[in-house]
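Those protein sequences? They're chains A and B, same order as listed.
Under my numbering, the first sequence has 102 at position 102, and the numbering climbs by one with no breaks.
Under my numbering, the second sequence has 251 at position 251, and the numbering climbs by one with no breaks.
Quick caveat, the hints were computed from the structure, so don't treat them as lab data.
Treat the hints loosely; a few may be bogus.
Simulated crosslink set (DSSO-like; lysine-lysine; CA at most 27 Å straight-line) [what the hints assert, rightly or not]:
id	chain 1	residue 1	chain 2	residue 2
1	B	K166	B	K89
2	B	K89	A	K288
3	A	K342	A	K353
4	B	K184	B	K166
5	B	K94	A	K166
6	B	K64	B	K254
7	A	K288	B	K94
8	B	K94	A	K228
9	B	K163	B	K184
10	B	K226	B	K184
11	B	K163	B	K226
12	B	K94	A	K163
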Amino acid sequence: MSPQFEIQLIATLTAVACSLPGVFLVLRGMSMMSDSITHTILLGIVLAFFLTNDLSSPLLIMGAALMGVITVWLTETLNRTRLLSEDAAIGIVFPLLFSVAIILITRYAGSVHLDTDAVLLGELAFAPFDRLVVSGMDLGARAIYTSGVILLLNLLVIVVFFKEFKLVTFDPMLAAVLGFSPVLVHYGLMTMISLTAVGAFEAVGSVLVVAFMIGPPVTAYLLTDDLKQMLILSGTAGAVNGILGYQTAAFLDASIAGSMAVVTGVVFCLAFIFAPQRGLVSVLRRRKLQRTEFARQTLLLHLYNREAEDQKAREAGTRLEQLHLHWSEAFARKIVLGLQKKGCLCFDGNFIKLTRQGRQISMRNYEELFGHFDKGHIF
Amino acid sequence: MDACIILLTDYTFQTVALGSAILGIISGIMGSFAVLRKQSLLGDGVSHAALPGVVLAFVLTGSKNTEFLLFGALLSGLLATLFIIQIVKHSRIKFDSALALVLSVFFGLGMVLLTHVQKIPDSNQAGLKRFIFGQAATLLQRDVVLMLVCGIVLLILVIIFWKEFKLFTFDSDFARSIGFSPRKLNLLLSFMIVLTIIIGLQTVGVILMSAMLIAPAVAARQWTDKLAMMVLLAAVFGALSGVAGTIASSLVPKLPTGPCIVIIVSLIVLVSLLFAPGRGMVGRLYRHRQTRLTLKANGGKSDVSAI
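Produce the complete structure using the sequences and hints provided.
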């Protein structure tokens, strides 16, 4: 395997692994917890390193995952006192734990590979240098296996506990009543998030893990209402971001993780603007259509009311200036011309008259809006 | 004792201590509004999002002057805030997700730009990296002067718009109904908070700046129910932890200033949460106990707490 291929494989595996549990973070309104956890796992790693004095020990991953769960617990405990709001609780816990980690590193581990730069920024380009060698055989970059195992683990957990996750995410009360423990599922999810973050942050650094965890799910969230589809779309978006990000990085000769984050942003922007139903374009178009439709109905009702109030108006018609609808002239003209095209009104000199069809439509609208049509009042 | 005297006459120490104190005061004041408006994490978002602005300012001007870099940071921080607001306004994505997305994508963009800077011959990016991690020790006198000027401007704005901000913070609907423009006030307040964050970047760095914004305000909130008192206390707590953190990091070798300040301000929060009169946990537990004892004594039954 060429190093380029290996890097792309690692990037894709990591991105997909992050994008799956991220879906639940986004849906549960806990996105910023990912930011918090990705910073505090550093403390877990440092503490575990002091225990083992070995940078490749699996205890480091355990320590990191444990610290992620502790972070969540601390934040929630602070929040439960009701002395401060949830976001403030997050903002107090993680800088504190992170500060402790930085102080420990600068004071006691300055000579070791553990430095803050590597943790925060990560470097995927170096991943192929760290090989997995079993009894003299080179089996490829170690990170392929770490990220692969994490991806499989995430997939397995989500497939097996899909129902539980779904229920707890959308209706924790019902879940509790049915006998699922929302707390257990919650901490299970948080353990999964911390493990994934540990696996990913070595490659891409802690801040960009957030882009991987939140970017694809929010993109998918704009495209579908179905949880299963959202998971699939999120994974797909993750893979696309990984590969496109690497290609961009290779093209620009820039930071790989950074490029992947930028691509994540671009892909999100595309979805944000062009998503079929929730995209900016279709939302704005729908709003404009609704505005026109509403204005047409208003105008028809208005003309109809005038006819009813004043029998003469029916024969003579109404001048556009008499309408007092507070519209700009251009907008009023647009609405009138649109209605004329649909055959709802016609011009008699400068006067506007309702046609038969227009009168009928107006009556129907009136009934839809106010229920039964009171004929006695109008005629 | 000798160490103290040497410290107090040391020029670098004075500069850094003064800078940290000013930062503590400003972030205490502005943080009070951010926390009360439940925008605490905006600090985290904006401080990350400032990175591409810093790098771009360096690339475009080729100068490492703090003023230029901070101006770039300010612009990209504001742009990020604008993005977040637009995403929340035009889609069903909630504030926290939009914040997380924008902060990480902007940071990634900053990383991409940094690799570009590395390729420029004889440009040393060390000066830029200090914006990520913060290095109070690199504060120069002119940086402190800049902080002071910004701080005074912010303070004057807070005093001028005191009544408006107060009304807006606690009852924005009422503020709107009596004719204040919530959009303009929101914009002004957000701008001021972003400016505060940017000023703090080079002292405590991206990640720890959010603590500086939140912690003094949360601590102050426990001691009082009055906004003026809270802002004042938050400023005092901020200044105290700034100076104390600087002293600690100067006395002990290899102790970074930023994290030191954060740990001290977190301790203040802990003490406030536990011991503040009225709201504090300890007092609350004590009162619960007293109530229970009184009920027991008066009711004569053993399971009065079940009422």
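To see whether the hints hold, each was checked on the structure:
1. K166(B) <-> K89(B): 25 Å, holds
2. K89(B) <-> K288(A): Holds, at roughly 17 Å.
3. K342(A) <-> K353(A): Holds, at about 13 Å.
4. K184(B) <-> K166(B): Since the Cα atoms of K184(B) and K166(B) sit roughly 14 Å apart, the hinted pair holds (cutoff 27 Å).
5. K94(B) <-> K166(A): It holds: about 19 Å lies between the C-alpha atoms, which stays within 27 Å.
6. K64(B) <-> K254(B): Status holds; Cα separation ~26 Å.
7. K288(A) <-> K94(B): 24 Å, holds
8. K94(B) <-> K228(A): Given that 27 Å is the threshold and the Cα spacing comes to 20 Å, the pair holds.
9. K163(B) <-> K184(B): Given pair K163(B), K184(B) holds - Cα atoms ~15 Å apart, limit 27 Å.
10. K226(B) <-> K184(B): 25 Å, holds
11. K163(B) <-> K226(B): 13 Å, holds
12. K94(B) <-> K163(A): 24 Å, holds
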